[in-house]
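Chains A and B, in that order, are what the protein sequence lines are.
Following my numbering, the numbering of the first sequence begins with 1 at its first residue and continues without gaps.
Following my numbering, the numbering of the second sequence begins with 1001 at its first residue and continues without gaps.
What the hints contain is simulated information worked out from the structure, not anything from laboratory work.
Among the hints, erroneous ones may be present.
[Claimed, not checked] Only part of the chain B face toward chain A is listed, based on derived beta-carbon distances under 8 Å:
id : residue
1  : Ala1010
2  : Gly1021
3  : Gly1033
4  : Gly1047
5  : Ser1057
6  : Cys1068
7  : Leu1086
Just so it is clear, CB atoms sit at the ideal spot from N, CA and C, and this is done for glycine as well.
What follows is the residue order along each chain.
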Amino acid sequence: MSLIQELGAQLRATSDELPTGLVTAAMEKLRSATEILMWVRETSIDPVGVPQLGNATEHAERAAAALRIAQDAIATYLTQVGLTGDAAAPPDSDWKAGLERPEVKPEKPEDAKPEGEKLGPWWHQRIAQLTGEDAPEVNDKDQPQADTAELLRRVASGVRAGDKARLGRELHAASAATGLALSAVTPAVLHRLAGDLLGHEPRPEDVERLRSAAAGRVRSLLPGTSPAVLDTLIARICRVPVAQQGQSGHPADNAVTAGVLTGVLLARLGRDANTLDPNAPEPLRRPEAADAR
Amino acid sequence: MASVAEVKAAVDAALQQVSEGQAAIQAAREKLGEAQQSLAAALDGSGSDAVGAAHGSLSQADQSLEECLGATALAVEQAQNYTAML
């Protein structure tokens, strides 16, 4: 390897290792937190931290944009010094960043107590409304609690099997906090899966195609979800600006529908839920557009 | 009907997300610091505009992440003050 080749490889590695995935995962967690707090504080004049979280999300967006500009600048430099091969775009692995277990355990807020089942009845009631499946009378407390990434895989497996009862059981078995966090881990996954299904990056004109590919199955598994929730998720996937609604939606609706939509897109792609494991091999992207009818 | 315990639990669920977001931002800042050092070592002596742009963008990203953390700390404080009043 020549000296210039070595320099190019080092710069490429530095560019690839920039923490774009971590910043995106953080951004989605802040958005999810904002959504929950907006729902909690609706009609209260106390901001409960919502504007500050909005500012935080904007700062994270700016950081993500700056990282992309840095990657472009490194690619430009590599091209300028004649290393066009090293300037090629790296494989996209950021989409699973939100599913990885954090290396450092986040600090619990002061005086945070285990949430236990304080939100349990609230969660079960909403899951029953969404799925039409009542909470099991006996909950298996000895069953280890799934984290959100595991819950997403279980939900996706239930969707793939077309088993509404199983989907209901998996969702009822999760704690409210774990279930609500589906909102934070799914956006990047949905964007990637939709891109794989379409054969290109999702664009505003793909909204109708994705809706027709997913709406029927989502409705049959979640008869209680509003079509507007799915429309908003699809609009976000396709980077269509979403009009701010007068009222905040129920945070469980968005989280659960996003989890089910993930399962539907995986099923459309013929992929197993285990492909969502961060350690699973990167699925091959199909160059041709898939039939999303 | 919602209870104070439920409202507090919902705010706790949101703060858990914030806390995980903060951990991700902190991890991102560490990786960013390593990238800045690696870039500085590799490109020492370069006068290229692209190199200057890369350095500038990385500094900008780090500053934005620091501001992000500051804003999340304010949000947590405000939410905790609210639940303390309930």
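To see whether the hints hold, each was checked on the structure:
| no. | hint | verdict |
| --- | --- | --- |
| 1 | Ala1010 | 5 Å, holds |
| 2 | Gly1021 | 4 Å, holds |
| 3 | Gly1033 | 10 Å, violated |
| 4 | Gly1047 | 11 Å, violated |
| 5 | Ser1057 | 4 Å, holds |
| 6 | Cys1068 | 4 Å, holds |
| 7 | Leu1086 | 10 Å, violated |
Hint compliance for this structure: hints 3, 4 and 7 are broken, all remaining hints hold.
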